[in-house]
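> Read in order, the letters of the first sequence correspond to residues 8 to 257 in my numbering.
Since the hints were derived computationally from the structure, they do not count as laboratory data. Careful, some of the hints might be misleading.
So the derived label-pair ranges between C-beta atoms look like this [what the hints assert, rightly or not]: (1) Asp229 / Ala29: 34 to 42 Å; (2) Arg80 / Ala137: 33 to 41 Å; (3) Ala137 / Glu168: 15 to 23 Å; (4) Gly81 / Pro232: 33 to 41 Å; (5) Gly71 / Pro148: 40 to 48 Å; (6) Thr83 / Glu201: 18 to 26 Å; (7) Pro205 / Arg150: 20 to 28 Å; (8) Glu42 / Gly103: 28 to 36 Å; (9) Val241 / Pro39: 27 to 35 Å; (10) Asp229 / Ile129: 35 to 43 Å; (11) Pro32 / Gly103: 34 to 42 Å; (12) Gly171 / Ala29: 36 to 44 Å; (13) Ser176 / His240: 17 to 25 Å; (14) Glu221 / Glu168: 35 to 43 Å.
From the three backbone atoms N, C-alpha and C, an ideal C-beta is built for every residue, glycine too.
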Amino acid sequence: MPPGPVAAALAGSGAHPLTGSAPLPRGFFDRPAHEVAPDLLGRVLVHGPVALRLTEVEAYGLPGQDPAAHTYRGMTPRNAVMFGPPGHLYVYFTYGMHFCANLVCLPEGTGSGVLLRAGEVIAGAEVALARRGAGTGRAVPGRELARGPARLAVALGFAREDNGRDACSPGAPDGADPAAARGGAGWLAVLEGEPPAPGLVRSGPRTGVSAGKETPWRFWIDGDPTVSPYRVHVPRRPRDAAAPADRRPE
DNA sequence: GGCTCGATGAACT
DNA sequence: GTTCATCGAGCCG
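Construct all of the structure, not just a fragment, from the sequences and the given hints.
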């Protein structure tokens, strides 16, 4: 389909053709993560054909200060993106099977960000559905499409190659033609969207973390069905319980 | 070099 | 409610 007049007009502003919403400026992320996080609710994250309205996020703080943060012990090859400039995407692999995505906060060299925990898919639901249902053969209800950080990453199609990408200068992955890719495969942006009424923003302890649970840096939109259920951290059970060592006959 | 466990999700009882 | 899949980062020796 050739670009219509609306898409053509938006092309100059950087606004996204699916939503008409403009990208957030980089300065938005140049603040502490716990200030950025509640402001991210209601914003729209776009990756290729899928757009998602954020309904739940968690802030992770500074190296040496927030024991729950990946950056707590300083910079490593894995978390280096978190120490880069704000407004970039930090995608990491966890539990041997899941990807999760953060948006980097504060100036380069600092090391904090906001984990994207859940959202409502507002465009490209059929693509998200296909990704989420792939391999399982099960139908996924709409509200479950991006309910939880790993599900969100799957719905948006985030993977290793998206780690470090700039979400404040909307565009396609390196090498692709930005004009041709606008609104298409790989196009990444965080858009203004529509923030919820301040009274609807709630906060509480972060989900599933083993340290720093007392810090109420999880933020969500009250009553939204796409917000993931709260889970306390459960220490892993020792493996030796399953060991086949003991088969004496008596 | 080896071991532990994690910002999880899906299947199962 | 409980169990398990699965692998990489980080810590320990």
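> Indicate, hint by hint, whether the structure satisfies it.
Status of the hints after comparison with the structure:
no. : hint                        : result
1   : Asp229 / Ala29: 34 to 42 Å  : violated, 26 Å
2   : Arg80 / Ala137: 33 to 41 Å  : holds, 38 Å
3   : Ala137 / Glu168: 15 to 23 Å : holds, 19 Å
4   : Gly81 / Pro232: 33 to 41 Å  : holds, 39 Å
5   : Gly71 / Pro148: 40 to 48 Å  : holds, 42 Å
6   : Thr83 / Glu201: 18 to 26 Å  : violated, 37 Å
7   : Pro205 / Arg150: 20 to 28 Å : holds, 24 Å
8   : Glu42 / Gly103: 28 to 36 Å  : holds, 33 Å
9   : Val241 / Pro39: 27 to 35 Å  : holds, 29 Å
10  : Asp229 / Ile129: 35 to 43 Å : violated, 19 Å
11  : Pro32 / Gly103: 34 to 42 Å  : holds, 37 Å
12  : Gly171 / Ala29: 36 to 44 Å  : violated, 23 Å
13  : Ser176 / His240: 17 to 25 Å : violated, 36 Å
14  : Glu221 / Glu168: 35 to 43 Å : holds, 36 Å
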